[in-house]
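Chains as they are written, first to last, in this note's numbering: chain A, 30 to 313; chain B, 1145 to 1630.
Keep in mind that the hints were calculated from the coordinates and are not lab data. Just so it is clear, CB atoms sit at the ideal spot from N, CA and C, and this is done for glycine as well. A couple of the hints might just be wrong.
Away from chain A, derived, C-beta distances all over 10 Å, residues of chain B [said to hold, decoys possible]:
| no. | residue |
| --- | --- |
| 1 | 1170 |
| 2 | 1209 |
| 3 | 1291 |
| 4 | 1315 |
| 5 | 1342 |
| 6 | 1356 |
| 7 | 1407 |
| 8 | 1425 |
| 9 | 1442 |
| 10 | 1465 |
| 11 | 1487 |
| 12 | 1507 |
| 13 | 1524 |
| 14 | 1551 |
| 15 | 1605 |
| 16 | 1629 |
Sample of chain B residues at the chain A side, in silico, Cβ under 8 Å [said to hold, decoys possible]:
| no. | residue |
| --- | --- |
| 17 | 1317 |
| 18 | 1477 |
| 19 | 1540 |
In silico DSSO-like cross-links for lysine-lysine, where the CA-CA straight-line distance does not exceed 30 Å [what the hints assert, rightly or not]:
| no. | chain 1 | residue 1 | chain 2 | residue 2 |
| --- | --- | --- | --- | --- |
| 20 | A | 151 | A | 125 |
| 21 | A | 239 | B | 1293 |
| 22 | A | 151 | A | 309 |
| 23 | B | 1277 | A | 125 |
| 24 | A | 117 | B | 1567 |
| 25 | B | 1474 | A | 136 |
| 26 | A | 136 | A | 235 |
| 27 | B | 1418 | B | 1474 |
| 28 | A | 235 | B | 1599 |
| 29 | B | 1599 | A | 91 |
| 30 | A | 151 | B | 1567 |
| 31 | B | 1151 | A | 117 |
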Amino acid sequence: MGLINYNIEKYSPKQLVIIPLVLLAISLVMLALNFAATGMPVTPGIDFSGGTAVTIFSTDSKEQIQSTFADYPLVDVSEGVNEGKFLKFGSMDDTKYNDLSTLIYQKYPDASINQIGETFGKTLQSQAVLAILFSFIGMALVVFISFRTLVPSAAVVLSAFADMAMTAAAMNFIGIPLSLGTVAALLMLIGYSVDSDILLTNRVLKRQGKLNDKLTGAFHTGLIMTTTTFAAIGAMFLVSWFGSVQIVAEISAVLLIGLVFDVMNTWLTNVGILKWYVLKGGGK
Amino acid sequence: MNTKELKRFVSDWRIALLLVLVVLSVIAIYPHFDEEGRLASNLQYGLDLQQGAWLQLDMRAEVVGYTADRPLEEFISNLSTSLDAEVLQVDANHLEIRKYYAQADLESRFIAAGGQVTSYQQGVSKTTADSVKRVLENKINSLGTKDAKVNTLTGLNNVVRYIRVELAGVDMNQAQEIVGKQGRFEIRIQTTGNQTEHVLSGDAITSVQVPSQEPPGSDNWGVGFTLSESGAAAFRAAAIQYGATADPANHYLLMLLDNETVYSAPLSDDLAGKLQNENIRQLFASTGAGNYGSQQATNLEIHLRAGALPVDVTIAGSGGVSAPLGERYKQMVILAGILALITVGFVIYYRYREPYIVLPMVLINSSEIIILLGFISLIGFQLDLPTIAGLIAVLGTGIDQLVILTDEILHEGKVPSTGLYMKRLTRALSIIIVAAATVVIAMVPLVLMDLSTLKGFAIITIMGVIVGVIVTRPAYGKIIMQVLSK
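Same shape as in the complex, but just chain A:
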């Protein structure tokens, strides 16, 4: 695309990877700090920690809602656009919960309620952690099998890992909780992230021609790929955000953040490592 002028050839491998590596280090520190504070690298939402989430559409103010539910463990009220309100309650026992749902249906008959018990949340959490772990290992295996060379494959896997770590850190920063939906988004990110990495590696290792030409060509294709994906997900984000469809808004927000980091990790981290590998004589 004509708008972006980025000359990969101008920079040395070291210059290319320095910014993402610093960012990755900061992200990992942030995740570690969060892990120390909450026991999870990303702050878990009610899907994993247990609790009740309520969506209502109402002109009532935050204060009015807080006073309505003063007797219940209301943790947070956040407001979307279009009068959408998202209420979060902590865990409570069954009787209290039954009273709460009766009260909600009485005051806001059109509410949507989701409640997850603490133990069930724990089960979901351990399954989600396993799912992410297995997905990542599976992805790494496919990459190693298809390229069969250590450095380029490791570069792809590192870029994917950096994508996930940075996105997770950004989620903490912005305040998107880890839920079933956002776990799915993170897994989807594994797929998106390797898309452009594989294109890059394939072009550089398997095509004839000058390295810089191949890099520039791959960059052009890669960027348009990311832009189209970004456009599709961006449309989904805007509509779901304006329409207060919280789970879809969170999924698409995580994907958007991930795609931005993916551009950086593909065209700085991965390119840097690959360039270094080819320049020192690999890949011939």
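Use these hints to put chain B onto chain A, whose structure you have.
Showing chain B alone in chain A's frame:
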């Protein structure tokens, strides 16, 4: 393109396959106007897109690995007495305890009964889970709820801890009333005086018939029900052991729901005689004559059905969406999908400035979505919010890969010869296949792990990738070749 060329083009296997699949998908989706003139289709919506409620039930029982230093039968009966619970053998090394006990508590009781606990997992065996599922389904259906789904979530080691119930058209409180208050059903037999002994639990009842007259037309009402093979054996053994076959009048049979007697009567002389000789699976509980008898029979039928849950359950999670909110979500996601497709079209146009490239891309992308929707309606899968997010994400990866194809083929801006074209197409497809394989691998854990709501998302993503690699990308390759050779 003249007619002859068009014919040859359409009969290419890639194009033909795509067209056939799109047509079949549209038939499977079956968009039509219903009697009220609204647009309807075969697509089923999940609970977040229509009014409905879901409940996640946690089964209060555990499957325990064990070793015993005495005969199994003696060990199990010791345990059963000490725990005051049904203890069933799952396989050679595992027992199912149908009552909740913490691990430490169980360990000491196992030692007292002459054994050891080697593993502990909350939940029930697959067989028991299936019977819980069947019972719940019967109960919900008998209450006339229109659209219900009951799914067991099998964990590792084949132990099932959670059951998910989805009910369309009711709110959460109603759903809890329907499902949450499960009774525990039991048949006991009178031994001496007021003493009774456990004979079987509700899960031994495999089916319950509607109230009927026995003999037909006699105005003597009752409910027929069928016992499982093992249930019938237990029934006969108890009847003989406690003397009910010899002296029916002093050995009443009692049916209890949540420890309240809902039915009590002696064995009929006829049945007592038969039981001496063989197991009887088909039983009939008479409730009396006339209106009273008929009313009692109806109640007993509900009790027999409703009470048949073999283990206690608690609600681990629940949720519900109201009709207006579901409708709103539905409109939003349709809007999001259409908008995503249009935006993608614009971006592609901005990059290539060539309607002959943009149009096929967008058409291929839409056909992919149609094929996926067709597949979803065919397997009766429910569209819910995460699944739709998955569809839009598939749209994103789909267009990605079409860009890879186009750029590989258009390399250096020249229109390639057929030989070179094939070489480039193959190379592009190899990139796409590796990328597709990673997406599939990344999603497989979600399909296998029963993370309830994410399963749909993962299945759709995987399907989308497969349809893309097998059908739509090759077809696009053919189309773009045709376009470029103009």
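Results for each hint:
1. No Cβ of chain A comes within 10 Å of the Cβ of residue 1170 of chain B; the nearest lies about 23 Å off, and the non-interface call holds.
2. Every C-beta of chain A lies more than 10 Å from that of residue 1209 of chain B, the closest at about 20 Å, which supports listing it as non-interface.
3. Distance to chain A confirms residue 1291 of chain B as a non-interface residue, since its nearest Cβ pair spans about 18 Å, more than 10 Å.
4. Residue-level check failed: residue 1315 of chain B sits 6 Å from the nearest beta carbon of chain A, not beyond 10 Å.
5. Taking the minimum C-beta to C-beta distance to chain A, about 28 Å, the non-interface status of residue 1342 of chain B holds against the 10 Å cut.
6. Interface exclusion of residue 1356 of chain B from chain A stands, the closest Cβ pair being 38 Å apart, more than 10 Å.
7. Every Cβ of chain A is farther than 10 Å from the Cβ of residue 1407 of chain B; the closest lies at roughly 30 Å, confirming the non-interface assignment.
8. Residue placement check: residue 1425 of chain B keeps its beta carbon more than 10 Å from all beta carbons of chain A (closest about 38 Å).
9. With a cut of 10 Å on Cβ distances, residue 1442 of chain B stays outside the contact zone with chain A, its closest approach being about 29 Å.
10. With a minimum CB-CB distance of about 4 Å to chain A, residue 1465 of chain B fails to clear the 10 Å threshold, and the non-interface call is violated.
11. For residue 1487 of chain B, the shortest C-beta to C-beta distance to chain A comes to about 4 Å, within the 10 Å cut-off, and the non-interface label is violated.
12. With a cut of 10 Å on Cβ distances, residue 1507 of chain B stays outside the contact zone with chain A, its closest approach being about 15 Å.
13. Under the 10 Å C-beta cut-off, the non-interface status given to residue 1524 of chain B relative to chain A holds; the minimum distance is some 22 Å.
14. Consistency note on residue 1551 of chain B: stated as away from chain A, yet its beta-carbon is not over 10 Å from all of that chain's, at 4 Å minimum.
15. Its closest Cβ contact with chain A, about 7 Å, brings residue 1605 of chain B to no more than 10 Å, contrary to its assignment away from the interface.
16. At roughly 22 Å from the closest C-beta of chain A, the C-beta of residue 1629 of chain B stays outside 10 Å, upholding its exclusion from the interface.
17. Below 8 Å, beta-carbon pairs count as interface contacts, and residue 1317 of chain B has one with chain A at about 6 Å; its hint therefore holds.
18. Because the beta carbon of residue 1477 of chain B sits about 7 Å from the nearest beta carbon in chain A, less than 8 Å, this interface hint is met.
19. A cut of 8 Å between beta carbons decides the hint on residue 1540 of chain B: the least distance to chain A is about 4 Å, and the hint holds.
20. For the hint linking residue 151 of chain A to residue 125 of chain A, the alpha-carbon distance of about 21 Å falls within 30 Å, and the restraint holds.
21. Simply put, residue 239 of chain A and residue 1293 of chain B have alpha-carbon atoms about 59 Å apart, too far for the 30 Å limit, and the pair is violated.
22. At most 30 Å may separate the alpha-carbon atoms for a hinted pair to count; residue 151 of chain A and residue 309 of chain A exceed this at roughly 49 Å.
23. For the hint linking residue 1277 of chain B to residue 125 of chain A, the alpha-carbon distance of about 28 Å falls within 30 Å, and the restraint holds.
24. With a C-alpha separation of about 56 Å, the suggested pair residue 117 of chain A and residue 1567 of chain B falls outside the 30 Å cut-off, and the hint is violated.
25. Between residue 1474 of chain B and residue 136 of chain A, the direct Cα distance comes to roughly 24 Å. Compliance with the 30 Å bound is thereby established for this hinted pair.
26. Of the supplied pair hints, the one linking residue 136 of chain A and residue 235 of chain A is violated, its CA atoms being roughly 64 Å apart against a limit of 30 Å.
27. Of the supplied pair hints, the one linking residue 1418 of chain B and residue 1474 of chain B is violated, its CA atoms being roughly 60 Å apart against a limit of 30 Å.
28. For the suggested pair residue 235 of chain A and residue 1599 of chain B, the alpha carbons sit about 37 Å apart, so the restraint of at most 30 Å is broken.
29. With a C-alpha separation of about 35 Å, the suggested pair residue 1599 of chain B and residue 91 of chain A falls outside the 30 Å cut-off, and the hint is violated.
30. Between the alpha carbons of residue 151 of chain A and residue 1567 of chain B the distance comes to roughly 51 Å, so the proposed pair goes past 30 Å and is violated.
31. For the given pair, residue 1151 of chain B sits about 60 Å from residue 117 of chain A by alpha-carbon distance, which is inconsistent with the 30 Å threshold.
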